[in-house]
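Peer 1: Sequence:
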Amino acid sequence: MSQIGVIMGSDSDYQVIEEALEVLQQFEVPFEVIISSPQRTLKRTVDWVKGFEAQGGKLIIAAAGLAAHLPGVVAGATTLPVIGVPMSSGAMEGIDALYSIVQMPPGIPVATVGIGAARNAALLAVQILASQDKPLSMKVKVYRAQMLQDIEAKDEALQKRLSEEI
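Residue numbering for the sequence shown follows my numbering, starting at 55 and increasing by one per position.
If you are wondering where the hints come from, they were derived from the structure by calculation, not from laboratory data. Even glycine gets a Cβ: it sits at the ideal position worked out from N, Cα and C. Honestly, I wouldn't trust all of these hints.
What the hints assert, rightly or not - Quick list of simulated restraints, FRET-style, between CB atoms:
hint	residue 1	residue 2	range
1	147	65	15 to 25 Å
2	211	104	47 to 57 Å
3	214	186	18 to 28 Å
4	86	145	24 to 34 Å
5	76	104	21 to 31 Å
6	195	144	35 to 45 Å
Claimed, not checked - In the BS3-like style, the derived pairs of lysine-lysine whose C-alpha atoms are separated by at most 25 Å in a straight line are:
hint	residue 1	residue 2
7	112	195
8	193	208
9	208	195
10	112	208
11	188	112
12	208	188
Could you build all of it, start to finish, from the sequences and the hints given here?
Peer 2: Now the structure itself:
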């Protein structure tokens with residue numbers, strides 16, 4: 055059973071969304087992915103959302119560019135948490151999508167990450183699930199500890215290089 059649903063409005067979003075899928079695989083979180091457009095395939099979109107929720111899905115990541123209606127439509131069709139990923143596209147390079155997703159009306163929230171920040175969307179989704187799943191929580195803690203080690207190693211290398219240059 056998939057815990058996280060990932061929906062994107064266009065196949066052109068896949069290259070960015072692939073980063074989220076890699077994170078979900080890294081944390082061994084089951085997921086499913088679909089392309090569906092709220093403008094072109096509204097019934098398909100809503101049917102998928104309702105089906106995903108009925109099958110026990112826990113959270114949905116929705117990626118969209120331009121007017122970015124997808125995350126809001128998804129949030130309106132479910133009570134599951136929805137994380138919106140604004141995609142960089144068009145003349146405004148994703149700013150329009152960011153505003154569209156972040157400015158949801160009261161009562162239908164969509165958590166929003168940065169433009170093209172699919173990786174952060176997946177990490178946020180994993181952290182939300184980890185709040186109720188001790189083994190997953192431990193994986194998140196290990197991931198964070200590894201990040202700290204990586205930064206410390208990079209800083210050590212920088213400090214060494216700087217001391218050699220002086």
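Peer 1: Run through the hints listed earlier and report the numbers of any the structure violates, in increasing order.
Peer 2: 3, 10, 12
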